[in-house]
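A.B. asks: Single-letter residue listing:
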Amino acid sequence: MGFAQAVGGTRYLFPDLRTLLARATPLRSGDVLAGLAAGSAQERVAAQRALADLPLRHFLDEAVIPYEEDEVTRLILDRHDAGAFAPVAPLTVGGFRDWLLSEAASPAVLAALRPGLTPEMVAAVSKICRLQDLVAIAAKCRVTTRFRNTLGLPGCLSIRLQPNDPVDDPRGVAAAILDGLLLGAGDAVIGVNPATDSIETTIRLIELLDAVRDRYAIPTQSCVLAHVTTTLLAIERGAPVDLVFQSIGGTEAANRSFGVSLALLREAREAALGLRRGSLGNDLMYFETGQGSALSAEAHHGCDQQTVEARAYAVAREFSPLLVNSVVGFIGPEYLFDGKQITRAGLEDHCCGKLLGLPMGVDVCYTNHAEADQDDVDALLTLLGVAGVTYIMGVPGADDVMLAYQSSSFHDGRYLRAALGKRPAPEFAAWMERMGLEAASGAGELPPRLAPALAGLA
Amino acid sequence: MSAADPPVTPARWSELRRFTAARVALGRAGNGLPTAAHLDFQEAHARARDAVHSALDPAALEAALAPLGLPVLRVASQAPDRRSYLLRPDLGRRLRAGDRALLPAAPGSLLFVIADGLCASGVQAQAPAVIGHALPPLRQAGIPVAPIVLAEQARVALGDEIGGAMGARLVAMLIGERPGLTALDSLGLYLTYAPRPGRSDAERNCISNIRPGGLSPGQGAGKLVWLVRAALGQGMTGVALKDEQPLPGRLPP
Numbered sequence: 005m006g007f008a009q010a011v012g013g014t015r016y017l018f019p020d021l022r023t024l025l026a027r028a029t030p031l032r033s034g035d036v037l038a039g040l041a042a043g044s045a046q047e048r049v050a051a052q053r054a055l056a057d058l059p060l061r062h063f064l065d066e067a068v069i070p071y072e073e074d075e076v077t078r079l080i081l082d083r084h085d086a087g088a089f090a091p092v093a094p095l096t097v098g099g100f101r102d103w104l105l106s107e108a109a110s111p112a113v114l115a116a117l118r119p120g121l122t123p124e125m126v127a128a129v130s131k132i133c134r135l136q137d138l139v140a141i142a143a144k145c146r147v148t149t150r151f152r153n154t155l156g157l158p159g160c161l162s163i164r165l166q167p168n169d170p171v172d173d174p175r176g177v178a179a180a181i182l183d184g185l186l187l188g189a190g191d192a193v194i195g196v197n198p199a200t201d202s203i204e205t206t207i208r209l210i211e212l213l214d215a216v217r218d219r220y221a222i223p224t225q226s227c228v229l230a231h232v233t234t235t236l237l238a239i240e241r242g243a244p245v246d247l248v249f250q251s252i253g254g255t256e257a258a259n260r261s262f263g264v265s266l267a268l269l270r271e272a273r274e275a276a277l278g279l280r281r282g283s284l285g286n287d288l289m290y291f292e293t294g295q296g297s298a299l300s301a302e303a304h305h306g307c308d309q310q311t312v313e314a315r316a317y318a319v320a321r322e323f324s325p326l327l328v329n330s331v332v333g334f335i336g337p338e339y340l341f342d343g344k345q346i347t348r349a350g351l352e353d354h355c356c357g358k359l360l361g362l363p364m365g366v367d368v369c370y371t372n373h374a375e376a377d378q379d380d381v382d383a384l385l386t387l388l389g390v391a392g393v394t395y396i397m398g399v400p401g402a403d404d405v406m407l408a409y410q411s412s413s414f415h416d417g418r419y420l421r422a423a424l425g426k427r428p429a430p431e432f433a434a435w436m437e438r439m440g441l442e443a444a445s446g447a448g449e450l451p452p453r454l455a456p457a458l459a460g461l462a
Numbered sequence: 033m034s035a036a037d038p039p040v041t042p043a044r045w046s047e048l049r050r051f052t053a054a055r056v057a058l059g060r061a062g063n064g065l066p067t068a069a070h071l072d073f074q075e076a077h078a079r080a081r082d083a084v085h086s087a088l089d090p091a092a093l094e095a096a097l098a099p100l101g102l103p104v105l106r107v108a109s110q111a112p113d114r115r116s117y118l119l120r121p122d123l124g125r126r127l128r129a130g131d132r133a134l135l136p137a138a139p140g141s142l143l144f145v146i147a148d149g150l151c152a153s154g155v156q157a158q159a160p161a162v163i164g165h166a167l168p169p170l171r172q173a174g175i176p177v178a179p180i181v182l183a184e185q186a187r188v189a190l191g192d193e194i195g196g197a198m199g200a201r202l203v204a205m206l207i208g209e210r211p212g213l214t215a216l217d218s219l220g221l222y223l224t225y226a227p228r229p230g231r232s233d234a235e236r237n238c239i240s241n242i243r244p245g246g247l248s249p250g251q252g253a254g255k256l257v258w259l260v261r262a263a264l265g266q267g268m269t270g271v272a273l274k275d276e277q278p279l280p281g282r283l284p285p
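If you read the sequences in order, they're chains A and B.
When we follow the numbering used here, the leftmost residue of the first sequence carries the number 5, and every step to the right adds one.
When we follow the numbering used here, the leftmost residue of the second sequence carries the number 33, and every step to the right adds one.
Don't read these hints as lab results, they were simulated from the structure.
Take these hints with a grain of salt, some might be off.
[Unchecked claim] Here are the computed lysine to aspartate or glutamate pairs in the EDC-like style, where the Cα-Cα straight-line distance is at most 20 Å:
| hint | chain 1 | residue 1 | chain 2 | residue 2 |
| --- | --- | --- | --- | --- |
| 1 | B | K274 | A | E204 |
| 2 | B | K274 | A | E240 |
| 3 | A | K344 | A | D382 |
Please construct the entire structure, taking both the sequences and the accompanying hints into account.
C.D. replies: Take a look at the structure:
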């Protein structure tokens, strides 16, 4: 079935749901690249009006990628909970937006609704939201996860300490960790992107992070962001793996391009659960996503990049992750051209992830070939803070010397917590207090209990 | 600092800087960056922005490659200019019309493609040295090496079409990595077995950060030769082929 809508004296036709969703999407370069974007501003509004009139129930009848062809579609539809959906079942997409903004959509009601929502429903409503709507709705979503501390509590803002080194030098990694701890980062995770996917390097880094965490008694978790098959191998070889990381996408083919499937993710989660390393909880998966990854692998099935991104969240929520983040500006200007497009996408990703029940963080970032700079980081970071983002990245001086992109810095994390009155995860905040970090950092010192020698720096 | 300047916390943990090129121990002004550190960052970003628009100098590259004794060919992608290249990666993955006819058959060989990618300056500086280090052990192992191809406005996957056209067993794409603030001159190397259009990134092995301060050309070449031998032995590249090359040294206790 198709959809039609008149705007400005022209009648626009949209042959199917995925086309309607694509044409309704606020402008971004990736949808233009894919040939899916609306041809004019008026066509976009026509699509948004048609989408607003569409009953939410329609999303259960028309899949954007056929059930038979794609295991992510099967996951979405097989897991859909009709009972949880019932409260919003009579609504259209436009009515759903109004309801989400209303006081009826309280944190408790939104939490109960999660299993009844599909990624396509939340993607659809996000397309007719302004930035303030994306902020206001997300701010009502509470998602709490636990491994060695508690993430996502109201009033908390956590930070992933990202101590990457261009050659995986353990001393470089350790120095960046100390720097980040002094500035209050690391409660979400201490997570290194390895420069190469070698199993030896991965195990060496896992051991380093675990030793640092253990010697300073930090109530947090560590992760080496290697491919899931490498992490599985590391677990087999006895490495102290806390979290299992993987980049994921919103279609079976996109996941294949990442070298993963739902079955492989399940296997990795089981293997890590078997290590029983979480002290407060067993949320141990860490996923990264980002608009455009499916298109870059030609695995998007004619869907716009934001809808595919939301589908990746269905993959994530299947595995009770501790952390999920969109790496929103990382992929480059062919998908998100400038600061304006990155800002909108970051807020869409955060809001859609939260509505689906994910502990959503955002890597607020850009590459040097995008039209963006640190001012854009500041703006999106502040908006996300108001929206209640679960965590952000902490990179020394905002400059990742391994991945060659700019993200948020340890300083940015301090700014955001101070500007919005947010605290680190409670267990981590107590540890900072015990270690005397705030006083030491104010004096430009390393506190005695954070001796560099313990991290292999002498 | 004069008495009128706002107070800036001194960075007495500055010894951490000895261990990393990352921007550690910057101090802080309130929660923000001290002015000097802030402007250092702005300058580095400005240089990186300009580096994105650097171009390959094919004549200079040919001269640098001449001592290696391999023929050198020049091709380009379908992206006509830098802006198209940035906005249309699909064009950067396809050969310009007519260029396919320039490529000789080199069945069963290892093919080196040198490409500008997102920043040409590191390619210019490092690609000839990497190939120079890799050739002796490759020849010793009896692995045939195809003529070298220089590709402009190229993405990684352009190597698939070039390698497929030449019938290469393996393509090693040496391509400029996205410039960062610290590294404007980083070379990446992507190895793909049985190249042909449609290969996915999961079917490649990557060696990144070949640059001063990262991997040296010799280290990059060493990893490449190890991967080439493993790929030929197992008949594949990609996530299933792990880099299990032993590392020197272990963690400090």
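A.B. asks: Please flag the earlier hints that this structure goes against, numbers listed from lowest up.
C.D. replies: none
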